[in-house]
Amino acid sequence: MKKLFLALVVISTIVLSAGCAPAATVVPTSVPPTSAPVQEPAAPTDVPQPAAPVEEPPAAEPEPVVAAPLGPVTLRFAGWNYDSAKAHDILATYERWVSTQHDPLMDATVEMADTGYGEYDTFITTNYAGGGVYDALYSSDHWLAKWAEAGWVLPLEDYFPKAKDYMKDVSDFSVSALTYKGKVYGLPYYSDVMYFVYNANMLQSAGIVAPPTTWDEVTEQSLLIKEKGLTETPVLFGLKAGSWFDEAFFALAYSEGTDFFDDEMVPVFENDTGPLFTIIEWLKKSLYETEIMPLKVLEMAAPDVQESFKNGDAAFVIVPGYMMAEFNTPGLSKIAGSAKISMMPGTTHETNGFTRMYLLGSGAVEDDTRLAASLALIEFLGGETTLDGETTYHVARRWAVENRLGFSAEPLWKDAEIEKVFSAMADPTILAKQKGLARSKDGMQAPWFAEWIGLVRTEVQRALLGDAETAEVLETIKQQWVDLSQE
Amino acid sequence: MESTTLDKRRVLKKSSYEDKRFKQTTAFAYKMILPSVLFIVVFIAFPMFYSVSLAFQDFKYGVPTGEFIGLQNFIDIFTKSTVAPGFYNSLQVTLIFTLAAVVAVILISLGIAFLINESFPGSGLIKVSLLLPYAIPGIASAVMWNWIYDASFGVLNGLLFKMGIIDSYIAILSDKNLALWAIWFAYVWKMVPYSAFLLSAGLSTIPSSVYEAALMDRSSTFRTFFKITLPLLLPVLQLALVVQTIFALLLHFGLVFVMTGGGPGEATRTLPWLIYQESFTYTRFGRGSAMAIILSLIMIIFIYIYLVLLNPERRKARDGQ
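Sequence order for the protein chains is Y and F. Taken in order, the first sequence gives residues 1 to 487; the numbers are from the working numbering. Taken in order, the second sequence gives residues 1 to 321; the numbers are from the working numbering.
Hints in this document: simulated from the structure, not taken from any laboratory.
Derived pair list, reagent style SDA-like, types lysine to any residue, alpha-carbon separation capped at 25 Å:
1. Y:K164 / Y:R397
2. F:K176 / Y:T290
3. F:K176 / F:L95
4. Y:K414 / Y:R397
5. F:K162 / Y:E227
6. Y:K310 / F:F161
7. Y:K433 / Y:V175
8. Y:K340 / Y:L431
9. F:K60 / Y:I453
10. Y:K181 / F:D58
11. Y:K435 / Y:D216
12. F:K80 / Y:A446
13. Y:K285 / F:N177
14. Y:K228 / F:G158
15. Y:K226 / F:G154
16. F:K60 / Y:F123
17. Y:K162 / Y:L387
18. Y:K181 / Y:D262
19. F:K176 / F:F247
20. Y:K435 / Y:T348
21. Y:K226 / F:Y169
22. Y:K164 / Y:E366
23. Y:K226 / F:S168
24. Y:K162 / Y:L412
25. Y:K435 / Y:F261
26. Y:K284 / F:L178
27. F:K162 / Y:E232
28. Y:K340 / Y:G257
A short list of chain F residues far from chain Y (calculated; beta carbon distances all over 12 Å):
29. S119
30. F120
31. L160
32. F225
33. L239
34. I293
All residues carry an ideal CB built from backbone N, CA and C; glycine is no exception.
Same shape as in the complex, but just chain F:
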């Protein structure tokens, strides 16, 4: 009896001590993450909620009228004659650009990831030089590509002319069929390194023993890739897809701003450009914020598709594993 009481006391004393210890540790942990949380609140959460609140307000020439207008901004975007046609065009241009950019970046990155995973003389130098496009600031690379594409003295025109591929210089950024692809190329050039290194890191986590086993089973390269590499790389690939989709939807803005200003005509007028125009040129902050929310929803849809379609658990269930 006495030992039970003593045991109980010991247990209570021990649990009381552990509880106090736990609270101290937890408090310390919260203190450590407090700066990060404050940063998120100030620079991410607050702007996000503020922007959402703007979308439901009326603005007249840049000044809020204080009037809550519900979904009117959203209705205007889809129906108003001065807004809707431009919005639908921007949506189309944005989706085409995003799909083309993501596919190109992922495919090229995968190829480069395999390359940089190999060890050969000079591989270190190649790895460093591959990072350069990503390291150049966005606006600087936009100005650089603007010069490359220049219709009078651009390097690209000069090269194609000297090679006899064209017989006169082409106004690439003035051509409605070429302008968007010119921006796409500049964007892919810049974003490939990021995904290449991400996928390379993913590839390096695949144990070599599985490849050795595949080799012993005389598995072809094609089969090895689709049956071994790709499934094991799936989580990293999923991450790369999500990140690249977000980037493609947003980060081309600098290129459009510098190179084409949304033109020629509406050829490169993407949704981020339209949001900028609505907010800062037309001072319709409410409508601009509403468009930003629509863009965010598009992003969420893409991410959901990736997470559902590429969910490893779901794939296993589908494959009957």
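In isolation and in its complexed conformation, chain Y is listed as follows:
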């Protein structure tokens, strides 16, 4: 009995192990349909049959036959929980639109799973590693290569050729963010640029007439502000290890004109000289010599910087553009009306532009109806559609007007409401000029980028903490890139 029982335990374990062995994600190999399948209209059932040759009243015009909607289908959608209520409202609008105004009509509902942005990559990885799939999902630009290589997301243009046409209306840094191995993978959800923002009142109180244009000027003005006792922490950047670190780090690097890689993806930045070395050294001096930046920046992400700046703790910050809305809203910010944008200090005044996007998940190709509904969802969210008689980028427009979220679709700048809202937020001339000098993160096209940038965060923090020299750190991250690229 005992032996039988033990045998049962062992067999159960083996069966479970075999049954739950990791399965490689199936990448569809069949040729994708280029358009959604269309149902044939139902044949009319009433056929008039006149019995006698008498004058009959004119036959009523046959009523238009409405094709039965495709579906029903429930789409599996994933995203992060930024303004979750609005996101769900938008999805409800999609469901209404696709069932009443889309061609073909579809009976589609969307189930959205969400989590915090900081945990989103882990959330998606865990789901896919566990055998789950999504039909459509949010992504950030720096995850696209990794997920595409894993087969978790599919090239949108293979199933929706119009996606390529959309790229003509999208800003340059977004085009490179939405593209992997020459194929368009998604449509933009939100795109933004890291701006240099200053507290105009604080500068005025310190007797400073214009914002700084170089990092040395930032130091000078910060020291003056400290001297006047206006704040002990004039400069705040979000340098906590995490996704927001990447945006700030690349903005700082680009401000001095750093090129990380050449066209062959070979690292070209210098170790002990050059713009990247200069900016890291400036950060170190700001922390320990001039003390214009507090050590707590190593535990601050962009949202933490946003809160501190709204509280009037800092004179200069680097944050995404959408945060300007709260900075200048009375009741939400102690410095309302005082937050202004200026061009990124530095040699080239360039900055980092990033794009969050909607991608087609590998689950979408399970059947034609699901695929059609998924493509309709992505186009509704990120493209130009006709809703209630109006044709525009409805969802991007709504995010822009209501939340001041940046967008990639250039035609939206002509929208009067958007122009009004963004002009109230910041100087539109500087907004446009800075956006024109925005670059997407170098190296993002490599599937090992996500792993490399994780190592960069740690190494740069080591340099800032004084655990390693800047030159040593730059050599290390260069070598790490080379090692990863050779795997």
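Keeping the supplied structure of chain Y fixed, place chain F upon it in accordance with the hints.
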């Protein structure tokens, strides 16, 4: 002769009955424990074996290639330039944290155990309030400590500033020399109650007569503790050490996740954090599993040391008893 045969028959009949009874009882016992065994198989044994199998497989961007690579993942951990330095640092940080946490928890728990074993007015309330840190969910306590340590408006900074101990707020979680100890303190605060009650239960099993005898022999407090209390408490102390070591190696993860994310730099990048990073951020499940196996081996070594060094039989043999 006949009685012998009858006796034999009776014995055979009795043993046959007992045998059947035994089988019935045993079958019933197995049925009773079957749910627990199934639970162990599904939630412990299977994940364990599965994880071990992953450690010998190759993964490319989160997808298994199906290739068996033997010990390559382990070799990479100890030698690869993109992995090894981080691994050695994590090992060092983990061992320092674990040793410091276990020593602190056990010592403080022992003191509290003596306290709560006494009966005095309000002792019941104190016992309940001592349990609170352990009762708070891990992530909730991590968020709470994150706020306490905050560099702009944390309670700790405010208190130290008001007391004149510091002249400006300290970025505790950004300081490479303080971050790990900040996590250590939060961890010790949370884990002390568990061991305190365990040791208190152990203390209550020591008969008071031995203390009375020691008193009559005019034994000092110091001598009583080392010659009577500690040896009699040894089995429970051994259990507490084993449990706290396992906890210290693993359960600080929530604190690191919420408070520092492994930073600043590598200051709080412990082995569990590295395993999480390898598996879920870098999608190298094979290497992550290999690191988990290494962590398990470290745990086994610790437990073996406790079991051998603190083995009561071995101690008696050593003391010549």
